[in-house]
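Chains as they are written, first to last, in our numbering: chain A, 1 to 296; chain B, 1 to 296.
Hints are computed from structural coordinates only; laboratory data are not their basis. Cβ coordinates follow ideal geometry from the N, Cα and C atoms, glycine included. Among the clues, some could well be false.
Per label pair, the in silico range of CB-to-CB distance [as the list claims (entries may be wrong)]:
1. A:44 x B:172: 43 to 53 Å
2. A:258 x B:154: 12 to 22 Å
3. B:232 x A:174: 55 to 65 Å
4. A:52 x B:3: 46 to 56 Å
5. B:39 x A:58: 36 to 46 Å
6. B:125 x A:44: 29 to 39 Å
7. B:36 x A:173: 26 to 36 Å
8. B:104 x A:245: 21 to 31 Å
9. A:121 x B:37: 52 to 62 Å
Protein chains: 2
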Amino acid sequence: MSARRVLVTGATGFVGAHAVPALERRGFEVHALGRRPPSGGCTTFHPVDLLDAPAVRRIVEAIGASHLLHLAWYAEPGLYWRSALNLDWVGASLTLVRAFRECGGQRAVAAGTCAEYAWGPERLREDALCAPSTLYGAAKDSTRRVLEAYAAETGLSFAWGRLFFLYGPGEKAGRLVSDAMRALRAGERFGTTAGYQRRDFSYVVDVASAFAILMDSDVSGPINVGSGKAVPIRDLLEKIWRITGQNGLINYGAHPCTNSEPLAIEADVTRLQKEVGFIPQLDLDSGLAETFKNEK
Amino acid sequence: MSARRVLVTGATGFVGAHAVPALERRGFEVHALGRRPPSGGCTTFHPVDLLDAPAVRRIVEAIGASHLLHLAWYAEPGLYWRSALNLDWVGASLTLVRAFRECGGQRAVAAGTCAEYAWGPERLREDALCAPSTLYGAAKDSTRRVLEAYAAETGLSFAWGRLFFLYGPGEKAGRLVSDAMRALRAGERFGTTAGYQRRDFSYVVDVASAFAILMDSDVSGPINVGSGKAVPIRDLLEKIWRITGQNGLINYGAHPCTNSEPLAIEADVTRLQKEVGFIPQLDLDSGLAETFKNEK
């Protein structure tokens, strides 16, 4: 079997940290690019600022990878929706994929987002209208549009995994599940929205594994990487207080829902299940229990 | 009246060379950015490679312009539709507009293209579906999508002038009108397609003037900059042989039409006429006559 060498960006990120071992389990030789080395594994690490185009070009050329998993993006909780840094990551992503392809790369997978879609009441299928209401969504949507055209032009095999909502070990502070779990475990009150909106949550380890399987396939185009079952935020938080044993500390309605927040965001996962052949290992209850155990 | 300082990219290009004097006539102090200085006028020239992000940032900061006209893009005839350089120009455009805004810029206008649209039989209005069939079209379309979201986020006044087909003084070789005129004037045969497809042609001096008026307005979003009247290529070429007096030299059907070439590409120019208030000075006959005279 010929060596399959995958270049991974965002390897220290929330998904990336779990994607690296998943890729290694599938026999990939992993080369991580970024500012900080990933922990553990037999990954080769190449320090580089992904916004430094000439440096990226040099390293991509030196590695000569057959596969690329591009997960890196600006993702500071609370800030990334509206940040001008999204513009830099459009350019950096195009530069990276172009360098990869021009150095002989064959197969690329990158991370998209449910924020590319025009959010509406329907379950979101990959061919639904993309009309993002945020700068982050517009930047991701546009990156995909250019990369799909570039892939078609150059014969690159290219897939775009659209992330929905995530939780699990390693989640940063400032995000729903991590903040709720920390607050309730500490016996502190947790303020949140009214909580009736439904969101599609997946366990990050499962999502990382889905990306590894997607990488190892020849499925192309956009693929929703979600659970297919949106739950009301209230139900999710109820599961968390049952795990932590801290009822009565959740303050619903403490934060307003903005107008741009839709009632439901739910993935149609037909492509993920049928074409990629991915089935998540943990349901929401088990995933939350695992998260609680791991973060102790 | 306060000084209005406009930063212009692509000032030596086909549209740019005519846009600079048009802006000066409207009282703008023009600062051109690029590799080569524009000819004539009282333009200040700042040499810079627009693909060098840090250098662009430094110069934009030093100039402190209130207005930006971004026309530069990779445009080598025959090559630009499919070139990977389109990816670089997405990034460069985002970097430029961001730097301009962050240095206090108020109003930006950039050049789009009719190739952003899903080409069909209908006259193209600005709200028509954008689904480019080319890498060039995808790159321009995506650049606009990100810049519109960025403008909405930061309060930048932003318009996107979609160019249709152009002709006029200064047109490069490798394009229809320039090549046909040169060949027929020289008494050489001119091979072309069957020529039944209809295209929306504008005189470049008029288009440049439309951009100057658009810059001087507060109209935002995409604006078709076209004539509103597509003509069959055969009619256009007939006008050219009448001007050159060289009948019988046109070899129709010498080149095939590709499948992606639509029967008609025609601009709806309602926004341009009603909102921007622009009316072209020359019709097709006069514009071609002027072009012939100028290129002698």
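How the hints compare with the structure:
| no. | hint | verdict |
| --- | --- | --- |
| 1 | A:44 x B:172: 43 to 53 Å | 47 Å, holds |
| 2 | A:258 x B:154: 12 to 22 Å | 18 Å, holds |
| 3 | B:232 x A:174: 55 to 65 Å | 60 Å, holds |
| 4 | A:52 x B:3: 46 to 56 Å | 36 Å, violated |
| 5 | B:39 x A:58: 36 to 46 Å | 38 Å, holds |
| 6 | B:125 x A:44: 29 to 39 Å | 53 Å, violated |
| 7 | B:36 x A:173: 26 to 36 Å | 51 Å, violated |
| 8 | B:104 x A:245: 21 to 31 Å | 55 Å, violated |
| 9 | A:121 x B:37: 52 to 62 Å | 56 Å, holds |
The structure shown violates the earlier hints numbered 4, 6, 7, 8.
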